[in-house]
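Chain order of the listed sequences is D and E. With the working numbering applied, the first sequence corresponds to residues 40 to 379, in that order. With the working numbering applied, the second sequence corresponds to residues 666 to 1024, in that order.
Treat the hints with caution; some may be incorrect.
Said to hold, decoys possible - Taking lysine to aspartate or glutamate pairs in the EDC-like style, the calculated list, with each CA pair at most 16 Å apart, reads:
(1) D/K197 <-> D/D128
(2) E/K1010 <-> D/D160
(3) E/K958 <-> E/E891
(4) D/K130 <-> D/E191
(5) D/K78 <-> D/D217
(6) D/K184 <-> E/D986
Claimed, not checked - Pulled from the structure, derived: some chain D residues nowhere near chain E, Cβ distances all over 10 Å:
(7) I108
(8) V125
(9) G132
(10) L229
(11) R245
(12) Q255
(13) L270
(14) G291
(15) I324
(16) S334
(17) I339
What the hints assert, rightly or not - Quick look at which bits of chain D chain E covers, simulated, 3 or more residues with Cβ under 8 Å:
(18) 148 to 160
(19) 163 to 170
(20) 177 to 188
(21) 298 to 307
(22) 355 to 365
Worth flagging that the hints you see were computed from the coordinates, not collected in a lab. No residue lacks a Cβ here, since even glycine has one placed at the ideal position from N, Cα and C.
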Amino acid sequence: MMKKIKNMSDTNMLLTITIVVFFVMYFAAIAFLGEGFLKPQTFLSILNANAALIITSCGMSIVMITGGIDISVGGVVALVSMCSAVYLDQKGGNVGGAILISLAIGLAFGIIQGYLVAYLDIQPFIVSLAGMFFARGMTTIVNNKPFNVANEAFVKLKDTRVIVPGLGSYNRLGKYIDAYVEIGVVVALLIVVLLFILLRWGKLGRHFYAVGGNQQSALMLGINVRRTKFLSHVLCSLLAGIGGFVYFLHVGSGSPSHAMGMEMNAIASSIIGGTMLTGGVGNIIGTLFGVLSLSTIQNIVSSAGFDEAWWTGITIAAMLCLFLVIQSVVMARKKKALAK
Amino acid sequence: MGNTKKKEAGFLSKIVRQQLFIPIAALLILAVFNLIADPSFFKITMGASSTGDPVLSGYLITILDYGSELAILAIGMTLVTAASGGQDISVGAAIAIAGSVILRVLCGTNSRPEELQTSVFVAFIAACLVAMLFGAFNGILVAHFKIQPMVATLILYTAGRSIAAWINNNELPIISEPTFGYYGGFIPGIPIPTPFFIAVICVVITALVLKFTNLGLYTQAVGINEKSSRLNGLNPVFIKFLSFVILGLCVAVVGLIKVSRFSTINYSVIAKDIEMDAILAVALGGNALSGGKFNMAASILGAYVIQFLTTTLYKFDVQSDALPAYKAVVVIILVVLSAPSVRAKLSQVGKKLHAKEVA
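Chain D extracted, bound-state conformation:
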């Protein structure tokens, strides 16, 4: 058994840790917090609330696998939802146009940041820090007050429920209630599947791993390192744009304070999901479970009576810290074992 663990690749080992942690936490929630967590709808609600986070975290994972980081995603999500909201509500636009705007904003951020990181060799953190402040500032410039969107077509899309057959439950009066997910979840799961295929079997996906693992040897293998890095940032910001629209679809309003700290949640989810900060290691399925673990523990914390707002921040930070240290220690031990 031990030998098997030792022979596991880094990606698979960290993925296993994540999935185990998620199930332990979910069962702990069922055991300590009662029946609520047994209902399928509770789980689906977690998905509904976090569809946008799943999408942005996937983008974050791709950048981190390639060895970079992007902390502008939260700002991009806020900017996208604000622009879409203004376009739909005050400019009388249609939903299709709003989606196009979202994609365009994401793409623009991706191309500029990717160019600065890949072709001018500027540290990704500095670039995306500037990107984050730029996006947040622009959000206030576009509109500085929160407001709800009343566009009919949009509200109809927002309230569309996709019913999951066979998972409904009976309420106290014995009436059957369907279990449902929102459209955002469908989009998120579709993206997870597509990215999983890309990273597993796609040429570009393998290039991401190669560049993140060792830039020098990737270059020797004839991989275009700069282009790969560039594309990873473009993909990440594009996903942030999509995530922004899904977020907007979930909350239905524009506000400068939307998605505050989302970049942190995305990084935390990726790290909990087994993506290494040093690059070359990671898995999209792990990221999905990372998001689920993060929101499960948030649910546990808030239903265990620590419902003041500050506990959420502290919990996420503590979890991130724990996983960072675990990764650091696990990798150091593995290196030692390999050296023997």
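The hints should help you fit chain E onto chain D, whose structure is shown.
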């Protein structure tokens, strides 16, 4: 004729190569811009403070006042940048914690105290200890666990303001004692804002430390090449750790100034986005953000220039929430100009121009 031109070019390039050139040039550009747009920017008048004492007021005094906070932070940030090759983005949150600790110690359990529980000095020492503790936390993550500085400090960046609120049970203590306001305002009889004097003290101490100890040398050695500095008998882990603890000390000083300004605290707003300004100050000072050699004087000057920029933007009615967008553009321009590949290209263009002139 050609000879003098060559000499002039040599002299010019010598000036341009000076590290202080960048912040001074930026300062001159801003000053000229303000002079053209509205010369009243430079007017300094004698006003009266809330207690009726005569104090100086004007945009320049505001720059001196708020720039001093930034200068103190820039000292610590420069050391962290030089030693670890990364930046601490949790300083804003850490300032909230330090300020919260000061109020907590001063007020005890009562959030509206008639008189202070202890002296301000004791509270300040407590804040120093707590801030250094959090600095040490960041330091351990970076130095010992070898996590990238910006990611490691992201933890405190998220949790910091929550911790600050938690320290005071989410209450907002208000201190009515007027002497507490001296640190961030004016001492009666002295028309220059106190933060400037605090900054001067910090700068003098830093200068003495850098002059009489090997801290500067060791920090640069670790930043330039960690491995070879270890082979030369330095302890890179400790030097990196130390730089974060020193930054913690700077954070505590700024925390005192910040809470003293309003005699209260707002956890989500206090020192918001200050990490951006501190990093900008270091970058504007011409220090490489990837670590190594540093120039403390340039960073401190950079801090005042950044405040000059902020005040100019405020003067042109830019909303405080929209400020980051403009500063982000400045950051991007700065880092693009200092990127190695761009520099190589620029110097190539310069050489071509020069060759044409000579021909």
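Here is what the structure says about each hint:
Among the hinted pairs, D/K197 with D/D128 is consistent with the structure: their alpha-carbon atoms are about 14 Å apart, no more than 16 Å. For the suggested pair E/K1010 and D/D160, the alpha carbons sit about 14 Å apart, so the restraint of at most 16 Å is met. Between E/K958 and E/E891, the direct Cα distance comes to roughly 13 Å. Compliance with the 16 Å bound is thereby established for this hinted pair. Between D/K130 and D/E191 the alpha-carbon distance is near 14 Å, which keeps this suggested pair within the 16 Å criterion.
About 12 Å separates the Cα atoms of D/K78 and D/D217, which keeps this hinted pair within 16 Å; it holds. Between the alpha carbons of D/K184 and E/D986 the distance comes to roughly 11 Å, so the proposed pair stays at or under 16 Å and holds. At the 10 Å boundary, the C-beta of D/I108 falls inside the reach of chain E, the nearest C-beta of that chain being 7 Å off. Residue-level check passed: D/V125 sits 15 Å from the nearest beta carbon of chain E, beyond 10 Å.
No beta-carbon of chain E is positioned within 10 Å of the beta-carbon of D/G132; the least distance is around 23 Å. Against the 10 Å criterion, D/L229 stays outside the reach of chain E, whose nearest CB is about 29 Å from its own CB. In this structure D/R245 is separated from chain E by more than 10 Å, as the shortest Cβ-Cβ distance comes to about 25 Å. Distance to chain E confirms D/Q255 as a non-interface residue, since its nearest Cβ pair spans about 17 Å, more than 10 Å.
Listed as a non-interface residue, D/L270 keeps its Cβ farther than 10 Å from every Cβ of chain E; the least gap is roughly 19 Å. The non-interface label for D/G291 is consistent with chain E: the shortest C-beta to C-beta separation is roughly 22 Å, beyond 10 Å. Remark: the non-interface label on D/I324 is consistent with the geometry, its nearest Cβ contact in chain E lying 22 Å away (cut-off 10 Å). Distance to chain E confirms D/S334 as a non-interface residue, since its nearest Cβ pair spans about 15 Å, more than 10 Å.
Once the 10 Å rule is applied to beta carbons, D/I339 is consistent with being away from chain E; the minimum gap is 17 Å. Chain E is given as covering the stretch 148 to 160 of chain D, and this holds because 4 residues of the stretch bring a CB closer than 8 Å to a CB of that chain, at least three being needed. For the stretch 163 to 170 of chain D, the proposed coverage by chain E is satisfied: 6 residues have a C-beta within less than 8 Å of a C-beta in that chain, meeting the threshold of three. Restraint check on the stretch 177 to 188 of chain D versus chain E: 4 residues with Cβ-Cβ distances below 8 Å, three needed, restraint holds.
Judged by the Cβ-Cβ criterion of 8 Å, the stretch 298 to 307 of chain D is covered by chain E as claimed, because 3 of its residues qualify and three suffice. Under a criterion of three residues with beta carbons nearer than 8 Å to beta carbons of chain E, the stated coverage of the stretch 355 to 365 of chain D is upheld, 7 such residues being counted.
Checked against the numbered hints given earlier, this structure breaks only hint 7.
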